[in-house]
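Student: Sequence:
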Amino acid sequence: MLMKCLPAAILFTGLLYIYLIPEEPLSIKIIFKIVPMLLILLYAGATGRRQDRYKSLILLGLFCCMLGDGLLIWFVIGLSAFLIGHLFYISAFFKLWSFSWLRFATIFPICVYSTWIGREIVLSLIEKGENSLIIPVICYVTVISLMGWAAFMTGNAAAIIGGVLFVISDSILSWNKFIDDVAISGPLIMLTYYAAQFFMAYSIRMKPSFHLSKGLPIQ
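In this note's numbering, the protein residues as written are 27 to 245.
Calculated directly from the structure, the hints in this document are not laboratory data.
Quick caveat: nothing in here was measured; it's all calculated off a predicted structure.
Here a beta-carbon is modelled for each residue, glycine too, at the ideal position from N, C-alpha and C.
Misleading hints may appear alongside valid ones.
Derived CB-CB ranges, DEER-like [what the hints assert, rightly or not]:
| hint | residue 1 | residue 2 | range |
| --- | --- | --- | --- |
| 1 | S82 | E153 | 38 to 44 Å |
| 2 | S82 | K154 | 39 to 45 Å |
| 3 | I99 | D206 | 39 to 45 Å |
| 4 | L46 | R79 | 35 to 41 Å |
| 5 | I103 | G212 | 17 to 23 Å |
| 6 | W127 | K55 | 44 to 50 Å |
| 7 | G96 | I210 | 36 to 42 Å |
| 8 | S211 | L42 | 33 to 39 Å |
| 9 | K30 | N157 | 29 to 35 Å |
| 10 | I133 | L46 | 38 to 44 Å |
| 11 | F120 | L52 | 36 to 42 Å |
| 12 | L149 | R231 | 29 to 35 Å |
Calculated cross-link-like contacts (lysine-lysine; reagent style DSS-like; alpha-carbon spacing at most 30 Å) [unchecked claim]:
| hint | residue 1 | residue 2 |
| --- | --- | --- |
| 13 | K55 | K30 |
| 14 | K154 | K55 |
| 15 | K154 | K30 |
| 16 | K121 | K154 |
| 17 | K55 | K203 |
Starting from the given sequences, assemble the full structure and let the hints guide the process.
Tutor: Set out below in structure tokens:
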């Protein structure tokens with residue numbers, strides 16, 4: 027019963043935060059921002075028949091990202107929490123490594139995209155005189171790109187969707203924050219972000235990994 031109710035609760039609280047909670051007071055805004063992540067953590071914790079290494083790493087990644095949500099008002103601190111979260115996701119995804127040349131080849135478009143958007147952000151930071159953010163941003167772009175590629179290498183459909191959505195969410199956030207305004211950026215960032223985290227949690231249920239070409243579990 028709990029597993030059936032939690033996705034609906036995650037959706038409800040996520041939409042509540044995105045569309046109804048005002049910007050002030052900030053403390054209330056942060057609390058409501060974290061609530062969907064708490065529910066996603068609960069969903070991930072209740073998922074699966076056994077406590078294995080993959081599940082533990084995903085839970086740690088979710089927890090660090092939840093900390094990042096609350097700490098992002100101090101940008102570098104929040105960014106560091108998210109970076110650590112991505113390192114846990116990367117470690118989890120390599121546990122599900124399922125090699126195929128097609129999935130391996132995704133490293134090339136990911137590298138091209140991350141190099142392009144990283145360059146755009148760095149040039150904007152230099153123009154604005156925010157040079158202190160250049161190294162943290164480069165580190166983060168590198169790590170989230172590796173996370174996205176590692177997600178593909180699992181062959182796990184939920185992990186792949188989660189990784190792609192996370193890259194999309196952070197791309198919108200970065201472009202809006204550092205380069206130029208993005209229309210309805212707030213809803214776009216948070217809708218893709220909460221969906222990404224939900225799919226990260228849901229990937230635990232999809233073990234063994236899902237073979238995309240055949241649509242069948244790999245035994």
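Student: Tell me if the straight-line CA distance from K55 to K30 falls inside 30 Å.
Tutor: Holds, at roughly 27 Å.
Student: Go ahead and decide if the range 29 to 35 Å is satisfied by the Cβ distance of K30 to N157.
Tutor: violated (50 Å)
Student: Quick one: are I99 and D206 within 39 to 45 Å, going by C-beta?
Tutor: Given a distance of about 22 Å, which is not inside 39 to 45 Å, the answer is violated.
Student: Is 38 to 44 Å respected by the C-beta to C-beta distance linking I133 and L46?
Tutor: holds (41 Å)
Student: Can you let me know if the beta-carbon spacing of S211 and L42 is within 33 to 39 Å?
Tutor: violated (19 Å)
Student: Taken at face value, is the distance from the CA of K30 to the CA of K154 at most 30 Å?
Tutor: Cα-Cα ~48 Å, so violated.
Student: Evaluate the given range 44 to 50 Å for the C-beta pair formed by W127 and K55.
Tutor: Given range 44 to 50 Å: holds, Cβ gap about 46 Å.
Student: When you check the alpha-carbon spacing of K121 and K154, does it fall within 30 Å?
Tutor: violated (41 Å)
Student: Quick check on a hinted range of 35 to 41 Å for L46 and R79, using CB atoms only.
Tutor: With Cβ atoms ~39 Å apart, the hint holds.
Student: Is it true that S82 and E153 lie within 38 to 44 Å of each other by Cβ?
Tutor: The hint (38 to 44 Å, Cβ to Cβ) holds, given that S82 and E153 are roughly 43 Å apart.
Student: Per the hint of 39 to 45 Å, is the separation of the Cβ atoms of S82 and K154 within bounds?
Tutor: About 40 Å separates the Cβ atoms of S82 and K154, which means 39 to 45 Å holds.
Student: Is it true that the C-beta distance of I103 to G212 lies inside 17 to 23 Å, as the hint says?
Tutor: holds (21 Å)
In summary, the structure is inconsistent with hints 3, 7, 8, 9, 12, 15 and 16 from the numbered list given earlier, while agreeing with the others.
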